[in-house]
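One line per chain: the protein sequences are A and B, in this order. First residue of the first sequence? That's 1 in our numbering, and the numbers climb one at a time after it. First residue of the second sequence? That's 1 in our numbering, and the numbers climb one at a time after it.
Hint data in this document are derived by calculation from the structure and do not stem from the laboratory. Small disclaimer: the values here were computed from a predicted structure and weren't measured. Beta carbons are placed, not taken as given, at the ideal position from N, Cα and C, and that holds for glycine. Keep in mind that a hint or two might mislead.
[Stated by the list, open to error] For each label pair, taking beta carbons as the anchor points, the in silico distance ranges come out as: (1) Leu-153/A - Tyr-50/B: 33 to 39 Å; (2) Tyr-68/A - Cys-37/B: 29 to 35 Å; (3) Asp-89/B - Asp-33/A: 35 to 41 Å; (4) His-141/B - Phe-63/A: 41 to 47 Å; (5) Gln-90/B - Ile-57/A: 44 to 50 Å; (6) Arg-148/A - Cys-132/B: 25 to 31 Å; (7) Glu-143/A - Gly-47/B: 42 to 48 Å.
[Unchecked claim] Below, computed lysine to aspartate or glutamate pairings styled on DMTMM-like, alpha-carbon distance capped at 20 Å: (8) Lys-23/A - Glu-96/A; (9) Lys-95/B - Glu-153/B; (10) Lys-95/B - Glu-4/B; (11) Lys-79/B - Glu-143/A; (12) Lys-149/A - Asp-66/A; (13) Lys-92/A - Asp-66/A; (14) Lys-149/A - Glu-72/A; (15) Lys-151/B - Asp-17/B; (16) Lys-92/A - Asp-141/A; (17) Lys-79/B - Asp-141/A; (18) Lys-149/B - Glu-4/B; (19) Lys-79/B - Glu-140/A; (20) Lys-79/B - Glu-96/A; (21) Lys-79/B - Glu-72/A.
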Amino acid sequence: MSLNLSEYLQKTVDDLSGNFADKLIHVYQSSGDTFIVIQADALLEICKYLKENLHYIYLSDVFGIDRYTSEERFEVVYNLLSFKHHQRVFIKVRCEEENPEVDSVSKIWKAANWFEREVYDMFGVFFRNHPDLRRIYMPEDFEYYPLRKEFPLLGIPGSIPLPSTTPDTD
Amino acid sequence: MGIESALGKGFLTTRMDTLVKWARANAAWPMPMGLACCAIEMMAFAGPRYDAARFGSEVMRFSPRQADVMIVAGWCSYKMSHAIRRIWDQMPDPKWCIAMGACASTGGMHRCYGVVQGCDNFLPVDAYISGCPPRPDAVLHALMKIQDKIKKEHSITLDT
Ligand code: SF4
Chain A
1 MSLNLSEYLQ
11 KTVDDLSGNF
21 ADKLIHVYQS
31 SGDTFIVIQA
41 DALLEICKYL
51 KENLHYIYLS
61 DVFGIDRYTS
71 EERFEVVYNL
81 LSFKHHQRVF
91 IKVRCEEENP
101 EVDSVSKIWK
111 AANWFEREVY
121 DMFGVFFRNH
131 PDLRRIYMPE
141 DFEYYPLRKE
151 FPLLGIPGSI
161 PLPSTTPDTD
Chain B
1 MGIESALGKG
11 FLTTRMDTLV
21 KWARANAAWP
31 MPMGLACCAI
41 EMMAFAGPRY
51 DAARFGSEVM
61 RFSPRQADVM
71 IVAGWCSYKM
81 SHAIRRIWDQ
91 MPDPKWCIAM
101 GACASTGGMH
111 RCYGVVQGCD
121 NFLPVDAYIS
131 GCPPRPDAVL
141 HALMKIQDKI
151 KKEHSITLDT
């Protein structure tokens, strides 16, 4: 499929493929947005480059995807914006089901701190060198990752305690 | 005609129990537990249009120590349920509870791991209000149901 890129996104893709030719896996478009799948080990380099050289200074969101495949099951997606050029690009990395781990980009964009905690909380993807990788929505001692596809919709009964209804006895 | 004729003008006799229940029923101060969208409808219930003041319930107490009726308005998550229960436990007896809306009553459309499927899982609910969100007059209706209940309950006399 041929890509229908704006001038600036074309430059983004050209620059990245010039500098990181062997790290780009796939560039595609969907619903009018541009996605660049990259190798997880080049994440920090590429993010730094995008911020410093291509003015993607705003990390609007980080989210996880459970592809439920036997290989490279989890995907982490970075939603980047350049206000100067009014452009948005999505960067994707993939990781394995066993011990999914990705480098934390919180040194590059401070906003990543809570976003990555959310992905960790919901999918169980660990972020290397994250300053404060704790659960953010679920209780600290919760053992499961609710947005993984095998997790039942209504949760696991008893996994989060309800308050005692006889307060005088506890 | 009983004791009233002996007391002369200006006296009325009643049972202490009836008097206490009458007072309680007409001064049920709500503890607003606004958790989601329903809370906005709950505000309208206390506003001038629906005017809960007619029932003596316009005094929304944000301190549990001075409240009689907890209105759980909105869906409650497992994490929040502990805070709600703590506030409930801090309210002095006797107290009543209204589950306002589909979410507080049953979990509503939030059929998921994080939301308690009905606040009666950890609170003794006296009145359930259907709807998503319920109209403020439905909240008034629930309040009147609670008033009826208060008037029927035993207050200071023992059940003999
Ligand atoms: S019942 Fe409807 S209006 Fe009320 S909290 Fe639930 S979703 Fe919101």
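Check: Are His-141/B and Phe-63/A spaced within 41 to 47 Å by their CB atoms?
Finding: holds, 43 Å
Note to self: Looking only at beta-carbon atoms, does the pair Leu-153/A, Tyr-50/B fall within the given range of 33 to 39 Å?
What the structure shows: The hint (33 to 39 Å, Cβ to Cβ) holds, given that Leu-153/A and Tyr-50/B are roughly 37 Å apart.
Next item on the list: Below or equal to 20 Å on CA atoms is what counts here, so check Lys-79/B against Glu-140/A.
Entry: holds, 10 Å
Notebook entry, point to check: Given the hinted pair Lys-151/B and Asp-17/B, is their alpha-carbon gap at most 20 Å?
Noted result: holds, 9 Å
Next item on the list: Determine whether the Cβ-Cβ distance between Tyr-68/A and Cys-37/B falls within the hinted range of 29 to 35 Å.
Entry: holds, 33 Å
Item checked: Restraint check for Lys-149/A with Glu-72/A, where alpha carbons must lie at most 20 Å apart -> holds, 14 Å
Notebook entry, point to check: Does Glu-96/A lie within 20 Å of Lys-23/A when you go C-alpha to C-alpha?
Noted result: Holds: Lys-23/A and Glu-96/A sit about 17 Å apart, inside 20 Å.
Item checked: Status of the given 35 to 41 Å range, CB of Asp-33/A versus CB of Asp-89/B -> violated, 50 Å
Next item on the list: Take a quick look at whether Lys-79/B and Asp-141/A sit within 20 Å of each other, Cα to Cα.
Entry: The hint holds at about 12 Å.
Next item on the list: Quickly compare the C-alpha distance for Lys-95/B and Glu-4/B to 20 Å and report which way the hint goes.
Entry: violated, 34 Å
Notebook entry, point to check: Given the hint that Lys-79/B pairs with Glu-143/A, does the C-alpha gap stay at or below 20 Å?
Noted result: holds, 15 Å
Checklist line | Satisfaction of the hinted span 25 to 31 Å by the C-beta atoms belonging to Arg-148/A and Cys-132/B | finding: holds, 29 Å
In summary, the structure is inconsistent with hints 3, 10, 16, 18, 20, 21 from the numbered list given earlier, while agreeing with the others.
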